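Asks: Could you put together the complete structure from these sequences and hints?
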Amino acid sequence: MILFDREVLRKRRDRAAAGFSEYDFLVREAADRLTERLDDMARHFPMALDLGCHTGQVAEIIGGRGGIETLVQSDLSPAMAGLAARTGRAALAADEEWLPFAPASFDLVLSCLSLHWVNDLPGTLIQIRRMLKPDGLFLAVMPGLGTLAELRRALAEADGEAGEAAMRVSPFVDIRDLAGLLQRAGFVQPVVDGDRMVIRYAEPMRLFADLRGMGETNLTMARRRAPTRRGILFDGLARYRRDHADADGRLPATIELLTMTAWAG
Amino acid sequence: MTDRVPGIDPKLMEILVCPVSRGPLRFDPDRQELISEKAGLAYPIRDGIPIMLPDEARPLEPDNTRP
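Chains as they are written, first to last, in the numbering used here: chain X, 1 to 265; chain Z, 266 to 332.
It should be emphasised that the hints constitute simulated quantities derived from the structure, not laboratory data. Mixed in with the good hints there might be a few duds.
Cut-off 20 Å, straight-line C-alpha distance, at most; resulting in silico cross-link-like pairs (SDA-like, lysine to any residue) [unchecked claim]: (1) K276(Z) x R15(X); (2) K276(Z) x E22(X); (3) K276(Z) x S105(X).
Label pairs and their in silico Cβ distance ranges [said to hold, decoys possible]: (4) M278(Z) x Q189(X): 53 to 59 Å; (5) P319(Z) x K133(X): 23 to 29 Å; (6) G288(Z) x D246(X): 54 to 60 Å; (7) D246(X) x K303(Z): 25 to 31 Å; (8) E203(X) x M278(Z): 44 to 50 Å; (9) A165(X) x K276(Z): 46 to 52 Å; (10) D312(Z) x T228(X): 36 to 42 Å; (11) R323(Z) x E22(X): 31 to 37 Å; (12) R242(X) x K303(Z): 54 to 60 Å; (13) R242(X) x G288(Z): 32 to 38 Å; (14) K276(Z) x E161(X): 54 to 60 Å.
These figures come from a predicted structure and were not determined experimentally. Even glycine gets a Cβ: it sits at the ideal position worked out from N, Cα and C.
Replies: See the structure below:
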């Protein structure tokens with residue numbers, strides 16, 4: 001089933017590329033988690049891939065940690081890959097659904113907040129496992145189901161009130177499903193854990209500006225059939241404020257980060 | 266390295282395959298393209314960045330040795 005419009009995603013990432021460094025705080029936060037995991041590993045990973053590299057945040061933060069000698073950076077957006085190349089590490093444009101890497105190419109595949117717009121996640125995980133050398137490591141951070149839960153609920157209620165049903169916030173993966181998906185893709189010893197961070201917004205439009213700046217606005221095919229009408233948006237934001245605002249009137253936006261490690265047996 | 270092939274990182278060249286056919290790629294330095302004979306596609310290299318996206322690839326001209 002085609003849920004996400006990859007063509008639109010590429011264009012959004014291309015557009016977001018030039019200004020991305022102003023909106024890369026989440027990617028940097030997630031890259032820190034990847035780095036910590038890598039530091040815990042006793043192994044070295046000379047040949048590594050950063051799948052969905054944005055504009056080079058992982059290359060910058062991870063550097064040569066984990067014994068990485070070669071880090072290949074790949075992104076769906078040619079503009080993002082072009083900026084990532086400025087880190088001095090090789091970069092290319094590639095689609096996570098059509099990966100261009102030979103079997104057993106990498107000791108390590110990293111992915112930092114780039115797998116949530118893949119239509120066929122099980123298929124992509126199988127491709128990743130094949131790209132890994134025997135005993136290679138897949139280490140990734142993905143947003144989980146709890147991500148933007150407040151916004152999702154507020155907009156769903158506003159839709160319900162207006163007699164509409166739409167998918168305004170991406171259906172993120174449930175942490176309980178992820179280890180099983182990894183196992184079915186042939187990985188061994190998958191470990192997934194999640195933690196939540198809350199970003200507080202004084203102005204709700206600022207949340208939308210952040211999502212746009214990250215190239216992360218809603219991509220579901222359904223959004224075209226049911227564009228968010230102003231009335232629904234305003235009603236949704238009123239509900240967001242009513243149900244979630246803290247004592248200072250700020251709106252919390254929860255981000256659930258799922259960190260996974262899995263080995264290619 | 267003075268004998269480095271211009272246009273593509275040699276380490277990258279070793280691991281890249283055609284995303285459509287999974288077959289091998291040949292580097293064309295004149296046109297700055299990676300050619301997949303099997304898929305009949307040429308992937309552009311722009312500013313040193315291989316663009317391995319099927320819908321950005323140029324279809325190869327039909328091979329006239331075939332019917």
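Asks: Would the pair K276(Z) and R15(X) pass a check requiring their Cα atoms to be no farther apart than 20 Å?
Replies: violated (29 Å)
Asks: Falls inside 54 to 60 Å, the C-beta gap from R242(X) to K303(Z)?
Replies: holds (59 Å)
Asks: Please test the hint of 54 to 60 Å on the beta carbon pair from K276(Z) and E161(X).
Replies: Cβ of K276(Z) to Cβ of E161(X): about 56 Å, so the range 54 to 60 Å holds.
Asks: Given the hint that K276(Z) pairs with E22(X), test it: the Cα-Cα distance must not exceed 20 Å.
Replies: violated (32 Å)
Asks: Could you tell me whether the CB distance from G288(Z) to D246(X) stays inside 54 to 60 Å?
Replies: Given range 54 to 60 Å: holds, Cβ gap about 56 Å.
Asks: When you take the CB atoms of P319(Z) and K133(X), is the distance between them in 23 to 29 Å?
Replies: With Cβ atoms ~26 Å apart, the hint holds.
Asks: Confirm or reject the claim that R242(X) and G288(Z) have a C-beta distance inside 32 to 38 Å.
Replies: violated (58 Å)
Asks: Would the hint linking K276(Z) and S105(X) be met if the CA-CA limit is 20 Å?
Replies: holds (10 Å)
Asks: How does the Cβ-Cβ distance of R323(Z) and E22(X) compare with 31 to 37 Å: does it lie in that range?
Replies: At 35 Å between Cβs, range holds.
Asks: Quick check on a hinted range of 44 to 50 Å for E203(X) and M278(Z), using CB atoms only.
Replies: Cβ of E203(X) to Cβ of M278(Z): about 49 Å, so the range 44 to 50 Å holds.
Asks: Falls inside 36 to 42 Å, the C-beta gap from D312(Z) to T228(X)?
Replies: holds (37 Å)
Asks: So the hint says 46 to 52 Å: do the beta-carbon atoms of A165(X) and K276(Z) match that?
Replies: holds (49 Å)
Of the numbered hints listed earlier, those contradicted by the structure are 1, 2, 4, 7, 13.
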